Structure formats: structure tokens, C-alpha cells
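Start from the sequences and build out the full structure, keeping to the hints where you can.
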Amino acid sequence: MTRTKEWLYGWLLLLPAMALLVLFTHYPAVANLWHSFYSTPRGSRQAVFVGVDHYRQLADDPIFWQALSNNLWYALGTIPLSIALALMMAAWVNGRIAGRSVLRLAYFTPTILPMIAVANIWLFFYTPEYGLLEQFLRLFGVPTHNWLGSQSTALPAMMVVAVWKEAGFFMIFYLAAFQSMSPHLAEAAAIEGASRWYFFRRVTFPLLMPTTLFVLVNAVINAFRLVDHVVVMTRGGPDNATALLLYYIYEIGFRFWDSAYAAALTMVLLVLLGAAALAQFLFLERRTHYQ
Amino acid sequence: MRLRTFQRLIVSVAAALASVIALAQAPVEVSFFYPVAVGGPITKIVDGLAADFEKENPGIKLRPIYSGSYQESIAKALTAVKSGEPPVTSILLSTDMFTLIDEDAIVPFDDLVKTPEDTAWLKSFYPGFMENSQTGGKTWGIPFQRSTVVLYYNKEAFKEAGLDPNKPPANWKEMVDYAQKLTKRDASGRVTQWGVQIPSSGFPYWLFQGLAIENGVNLMNAAGTETYYDKPEVIEALQYWVDLVKKYKVHPEGIVEWGTTPKDFFERKVAMVWTTTGNLTNVRSNAKFDFGVAMLPANKQRGSPTGGGNFYLFKKSTPTQREAAFKFIKWVTTPQRAAQWGIDTGYVAVRADAWETPAMKQYVAGFAPAAVARDQLPYAKAELSTHDNQRVTKALNDGLQAALTGTKTPEQALKDAQRESERILRAYK
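Chain order of the listed sequences is D and L. Heads up: the first sequence begins at 18 in the numbering used here, then just goes up one per residue. Heads up: the second sequence begins at 23 in the numbering used here, then just goes up one per residue.
Derived from the structure by calculation, the hints contain no laboratory data. Computed from a predicted model, the values in this text were never measured in an experiment. A portion of the hints provided could be inaccurate.
[To be verified] So these bits of chain L aren't anywhere near chain D, every CB distance computed over 12 Å: (1) PRO130; (2) ASP252; (3) ARG290; (4) PRO391; (5) GLN412.
[Stated by the list, open to error] Ranges between beta-carbon positions, derived for each pair: (6) L:ARG448 x D:GLY27: 55 to 63 Å; (7) L:PRO49 x D:PRO79: 49 to 57 Å; (8) L:THR247 x D:PRO131: 37 to 45 Å; (9) L:SER91 x D:PHE153: 47 to 55 Å; (10) D:ARG155 x L:GLU178: 48 to 56 Å.
[As the list claims (entries may be wrong)] Among the chain L residues that face chain D by a calculated CB cut under 8 Å, a handful are: (11) LEU100; (12) ALA102; (13) SER105; (14) GLU279; (15) GLU289; (16) HIS409; (17) ARG413; (18) ASP420; (19) GLN423; (20) ALA424; (21) THR427.
All residues carry an ideal CB built from backbone N, CA and C; glycine is no exception.
So, in C-alpha cells, the structure goes:
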């Protein structure tokens with residue numbers, strides 16, 4: 018009797034969280050998989066079962082492959098850079114320097130600003146001829162360049178925006194981690210005569226691993242999730258040079274109204290993110306030291 | 023006692039009657055989505071129109087709902103169709119017609135046009151605007167906030183370059199010649215003022231369509247089942263655009279952003295720009311120099327695509343609601359109101375007689391550029407619109423951007439775009 022009660026009690030406690038999770042995470046994922054095997058219903062034409070047709074179409078879709086590779090480059094370009102920057106900024110504003118709260122605020126500001134507004138500002142930074150970047154580069158005699166309007170620089174230009182946006186956010190986590198670190202460690206190391214670099218490499222960094230893991234997971238998710246600035250700044254152009262996977266899904270789903278094909282693309286994104294998260298937890302977890 | 027019962031009976035009968043009357047007079051609710059795509063206090067103007075209409079038609083309750091950009095509006099409207107409660111009427115892009123038909127979301131206006139006045143009203147719109155509103159012999163959209171592409175030029179820059187500020191380029195050759203004279207370089211060879219620019223971000227197809235029409239062909243058939251991206255005239259048109267950049271070097275390199283084009287013009291970074299008539303009010307209030315507005319230059323003929331939004335009627339509505347919405351659409355497109363809407367927003371008044379109203383005549387007398395769009399309308403052709411419109415258009419957009427950034431030749435880019443569009447349109451033949 019008490020066992021049943023306890024059992025019931027446990028499930029009741031779980032219920033609110035589970036209901037939300039099932040309703041907004043698990044059910045949509047399964048429904049999405051289901052829809053990806055059917056054609057898109059249009060007007061009077063009902064959806065019919067098409068099996069893996071959409072996945073076959075996907076394999077032949079050059080824009081999908083370009084969006085995927087763009088996204089991988091984007092992840093590769095933004096994640097390590099924003100994490101490294103975050104770490105450096107945190108280390109700096111953690112020290113005793115004048116006006117450090119102002120500095121912290123300055124670093125964190127990009128995170129607070131709404132992405133759409135930010136993207137519009139960056140759009141003018143990158144404007145050829147009279148944009149801020151152009152005006153600055155002109156001082157050094159660099160010839161004018163259309164940053165968002167040429168295929169070679171559009172994606173890197175978008176990456177810069179992402180790094181600028183993300184680094185401050187991650188800095189907050191590193192700052193919290195730094196502040197929870199016991200000062201005795203540094204004192205002990207100083208007595209032992211360890212260099213600052215040695216101390217960072219062998220003590221600080223390993224102790225930061227849980228934070229790094231958390232930040233890394235978030236960074237990977239963000240790299241595949243951040244598309245607001247694509248919508249504002251380039252709409253995936255020129256000729257799909259800045260099309261990221263999620264933006265392409267949006268385009269297929271809400272501009273072309275091909276919801277079934279969008280469902281198939283979403284499955285790819287889901288699997289990709291799932292695999293990335295799993296890999297991070299399996300491999301990095303072992304090397305992570307929780308205090 | 024009996025009297026009491028009788029009284030009670032009377033009262034209840036009266037109450038029942040009253041509620042029956044109230045039911046009969048319950049106002050018809052007409053919800054309507056509208057997007058805002060140009061600057062200015064549009065929402066206020068629309069709310070004002072709705073209030074005036076309700077005052078004149080007490081039986082109708084109009085609910086205008088601001089639905090974001092055009093893109094967001096169609097997304098909202100179609101999602102509402104799928105979830106079962108669409109608006110009764112909505113202003114959406116005229117090019118969304120085939121998409122809305124294919125989704126079985128809208129009904130044609132023909133069944134509502136009964137009286138001779140209605141027929142005359144339907145015929146009063148500029149034919150150029152109706153091309154994107156009719157297909158298969160039926161009228162699916164009523165032009166409301168419509169625009170076209172025009173050329174804006176800096177008269178001061180014209181004078182500095184020794185050109186006649188009252189003679190904008192009339193044809194392609196003149197545009198190149200003028201642009202060469204207007205392009206200024208500093209000592210190091212850096213361009214300080216470009217001759218001309220045609221924006222190519224987002225929806226380059228729309229501006230490119232101007233070039234193609236001027237070269238003698240439009241990009242699709244009226245049924246929306248075929249595109250002509252790789253016709254020689256179209257390839258020639260793209261070659262001209264690419265030549266402005268690469269050969270004559272009078273047009274900025276790479277993709278030119280649509281959103282910053284008006285600012286490029288105010289900042290005197292470019293002497294001539296192609297953009298929508300919808301920017302007229304914006305340019306008028308921000309350009310600190312004397313500017314002119316002109317029809318697009320001709321090659322084989324003059325030409326420009328139309329653009330902008332139409333009224334649509336949604337299928338999931340009651341006949342009374344449709345009648346009410348129809349009444350509103352007729353009311354809001356009378357010559358006086360069409361004229362006032364054009365003056366307030368910068369859109370082109372959609373019917374010829376609107377330009378004959380006193381208010382419009384006075385406006386044009388004080389601000390001549392406003393009439394350029396009207397004068398160009400006889401040469402205007404339908405905006406690119408087909409079945410599965412956005413996808414077919416994207417194929418062209420990608421091709422145009424590839425050619426402009428130099429990764430493909432115009433011929434290759436347009437052949438690829440045509441192949442892709444044929445693949446998509448196969449299902450609709």
C-alpha cells in the first residue's frame with residue numbers, strides 16, 4: 018500500500034515536467050518523423066504515404082548540402098573562438114581592475130540586445146562605402162569591399178556577429194566558475210612556485226571543465242539555432258552562401274509551404290544535434306572533473 | 023393574480039422578441055489581416071478607414087489585424103487556414119495568388135459581382151495591376167496597395183557631371199553613358215560616387231524583371247505554369263546588368279542591399295537608383311538635394327513589373343461575411359479613397375479615375391514625381407508569379423546573385439535557374 022502510494026507520489030511529482038516535455042518535445046519530434054514519410058497536403062490534395070522519398074530528395078538537393086556545410090563551417094568558426102574569447106574576458110574581468118563592473122556590463126551587453134535590432138545595426142556596419150567597418154579600413158588604405166555581398170566574405174561576416182553575440186554570454190558562466198574557485202589553490206600553487214600558465218593549464222582549466230562542457234553544448238546548439246541575423250542581413254544570399262540549416266528549413270516550411278520536406282530536414286537537424294550532444298557527454302564527461 | 027401572469031407573459035414575449043431582433047441585427051464580424059511594408063503611420067490610417075466604414079455601415083463590425091510584413095502575413099493567413107479560422111479577407115502579395123489557389127484557401131470575386139456597377143468597378147483598375155489578380159478567367163484579387171519600380175536620380179550630381187538635370191536617361195545606352203559620367207573616383211582610384219545601382223539582395227528578381235520586360239519579354243506565362251528564364255532576351259538583360267558592374271564599372275560590386283539603397287542615395291554614394299515607388303515619401307523627406315523621379319529606361323520597349331498587395335477573400339467564411347467584406351473592399355477602393363490612400367502612403371493609386379480627383383490633382387501639382395508611376399503604368403507588366411511561387415522565384419534569385427557575384431556566367435546562371443524551375447513546375451502542368 019505504502020509502495021503504491023510512494024510510487025503514485027513520485028509520478029505526481031514528475032507529472033508537470035513530464036507533461037511539458039512530452040507535449041512540447043517528444044510528441045513534436047515523433048509527429049515530425051511521422052510527417053516526413055508523407056507528402057505535403059495541399060488544398061484538396063490529401064497527404065499520401067511516400068516512404069523515404071523526401072530523404073532521397075534531400076540527398077540530391079544541392080542547397081541542402083550547401084546549407085549543411087555552411088553550418089558546419091559556421092559552427093567550426095564560431096564555437097572555439099567565442100569560447101576562447103569568453104574565457105579570456107572572464108579571466109580579465111575577474112581580476113582586480115578599475116571599473117570592472119562597467120567592463121563586465123559592456124561584455125554582456127550584446128547578449129541582452131534583441132538579435133533583430135543587432136542584425137540591423139551590423140547591416141550598416143558592413144555597408145560598403147560608408148559603413149563603420151569601411152570607414153575604419155579606409156584609414157589603412159584598404160580598398161572598399163562588399164562584405165555581405167560577395168560569396169567569399171558573407172559567411173565569415175556572419176560568424177563575426179555570432180562570436181560578438183555569444184562570447185559575452187559564455188563569459189558570465191566562466192566568471193561564475195572563477196568566483197566559486199577557492200583562492201587557496203592559487204596560494205598553494207604560488208608557494209610551490211608554479212608559473213601562472215602552468216597553474217592555468219593544470220589547475221584552473223581542469224576545474225573549469227564542467228563549465229566548458231556546459232558552454233560547449235550550448236554553443237553547438239546555438240550554432241545550429243541562431244538564424245535571426247541571417248533573415249535580417251542576407252536572407253541566405255548571395256546564392257545560398259549564408260544559408261544555414263535552420264534558415265533553409267524555415268524557407269522550405271514557411272515560404273515554400275512544403276511542410277513534409279521541411280519535416281525531413283528537421284529530422285536531419287535533430288539527429289545531428291542529438292549525436293553532437295551525445296558525443297560531448299560520452300567523451301568529454303570522462304575528462305570532466307566535478308567538484 | 024391573473025393580471026400578473028399576463029404581465030409576465032407580455033414581458034417574456036417582449037424579451038424574446040427583443041432578443042430575436044438583436045440576433046437579426048447582430049453585426050457581421052469581418053476580420054481582416056493587413057501587412058505594413060512601407061514607412062509611415064499605416065496602422066493609424068487603416069484603423070481610421072475601418073472606423074469610418076463602420077460608421078456608415080452599422081451592421082458590419084470590421085476587425086483589422088496588423089499581421090507584420092508580407093511574408094509574416096501570408097504565413098499567418100495560411101496557418102490560420104490550416105487550423106480552421108482564417109480571416110474573412112486579407113491584403114497579401116499579388117504574387118501569392120497561385121499559392122492561395124493551390125492551398126484552396128480563397129474564393130474568386132466573380133460570384134459577388136452582380137450589378138452593372140460592380141462590373142464597372144471591377145473594370146476600373148489599371149490592367150497592369152489586374153494581370154497579377156486574374157487567372158483562368160477569374161478574378162482572385164483586388165488591387166489595393168500597389169507599386170512599381172522607378173528610377174530616382176540626383177539632379178545636383180547631374181549638373182556637376184554636365185548633364186541636363188531635367189533629362190533622365192531614356193534608354194539603356196543613355197543609362198550607361200550617364201552612369202559613366204556620374205561615376206567619380208578619387209586620386210587612388212577608389213569610387214566616391216557610383217553612377218547607378220540596382221539592388222540585388224532578397225528579391226533581385228523583381229528589379230531584374232524590369233530589365234527583362236524592357237528587353238521585350240516577361241519571365242512567365244499568365245497561367246503560372248511556365249517560366250522563360252533562359253530566353254536569349256532574358257540572358258541579354260542579365261548581361262547588361264552584369265556589364266554595368268564588370269565592364270563599365272559604374273555599378274557597385276557584389277550584392278547591393280535593398281534596405282540600404284535609399285540611404286546610399288541620400289549619402290550621395292550613388293547618383294541613380296532603381297527602387298520602388300513606395301520609397302517616394304522616404305526619399306522626399308530625407309534627400310538633402312534636388313532629386314528627380316523617372317520611368318525606367320527603355321531598350322526594346324519601356325517596362326517595369328508591378329508589385330504590392332491585393333485584397334483576397336477566404337473560403338472559410340459565411341456568405342454574409344463575404345458580402346460584408348466585399349462591401350468594404352468596394353468602399354475602400356472608390357476613386358476618392360484610392361487617391362487619399364496613395365497620397366498618404368506613397369503607393370500608386372490603383373485606378374485611373376483616382377488621378378482625376380481634386381485631392382490627387384492638387385497633390386501632383388505640388389509634387390510632380392508622384393505622377394511618374396502613373397505614367398509608367400501603361401507599360402507595366404505582371405510581377406513574376408507562378409505555382410509554387412516562392413520556390414520558382416528562389417531559383418531565379420539564386421541564379422541572379424550567382425551571376426552578379428561572378429560565380430556563374432549570365433547564360434549558365436539562367437539556364438540552371440530555368441532547369442530548376444521546370445523541375446518544380448512539372449507537377450502543375
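Taking the hints in turn, this is what the structure says about them:
Distance check for L:PRO130 against chain D: the nearest CB is about 14 Å away, which clears 12 Å, and the non-interface claim stands. No Cβ of chain D approaches the Cβ of L:ASP252 within 12 Å, the least distance being about 17 Å, so the stated non-interface status holds. With a least CB separation of 10 Å from chain D, L:ARG290 falls inside the 12 Å interface cut-off, contrary to its annotation. The beta carbon of L:PRO391 sits about 25 Å from the closest Cβ of chain D, which is more than 12 Å, so the claim that it is off the interface holds.
With a cut of 12 Å on Cβ distances, L:GLN412 falls inside the contact zone with chain D, its closest approach being about 4 Å. In this structure the hint that L:ARG448 and D:GLY27 lie 55 to 63 Å apart at CB holds, the actual value being about 57 Å. Take L:PRO49 and D:PRO79: their Cβ atoms lie about 54 Å apart, and the range 49 to 57 Å holds. With their beta carbons about 42 Å apart, L:THR247 and D:PRO131 fall inside the hinted range of 37 to 45 Å.
Look at L:SER91 against D:PHE153: about 32 Å separates their beta carbons, and that is not inside 47 to 55 Å. In this structure the supplied range 48 to 56 Å is violated for D:ARG155 paired with L:GLU178, their Cβ-Cβ distance being about 24 Å. The criterion of a C-beta within 8 Å of any C-beta in chain D is met by L:LEU100, whose closest approach is roughly 7 Å, and the hint holds. Annotation: interface hint on L:ALA102 violated; nearest CB of chain D at approximately 13 Å, more than 8 Å.
With a cut of 8 Å, the hint placing L:SER105 at the interface with chain D is violated, because the nearest CB-to-CB distance is about 13 Å. About 7 Å separates the beta-carbon of L:GLU279 from the nearest beta-carbon of chain D, less than 8 Å, and the hint is met. Hint status for L:GLU289: holds, given a least beta-carbon distance of 6 Å to chain D, under 8 Å. With its C-beta approaching chain D no nearer than about 10 Å, L:HIS409 sits outside the 8 Å limit, and its interface hint is violated.
The interface hint given for L:ARG413 is met, as the beta carbon of that residue sits about 5 Å from the closest beta carbon of chain D, less than 8 Å. Look at L:ASP420: its Cβ gets to within about 5 Å of chain D, closer than 8 Å, so that hint holds up. At a threshold of 8 Å, the smallest CB-CB gap from L:GLN423 to chain D is about 4 Å, leaving the interface hint in force. Hint status for L:ALA424: holds, given a least beta-carbon distance of 4 Å to chain D, under 8 Å.
Hint status for L:THR427 relative to chain D: holds, with the closest Cβ pair at about 5 Å, below 8 Å.
Of the hints listed earlier, those the structure fails to meet are numbers 3, 5, 9, 10, 12, 13 and 16, in rising order.
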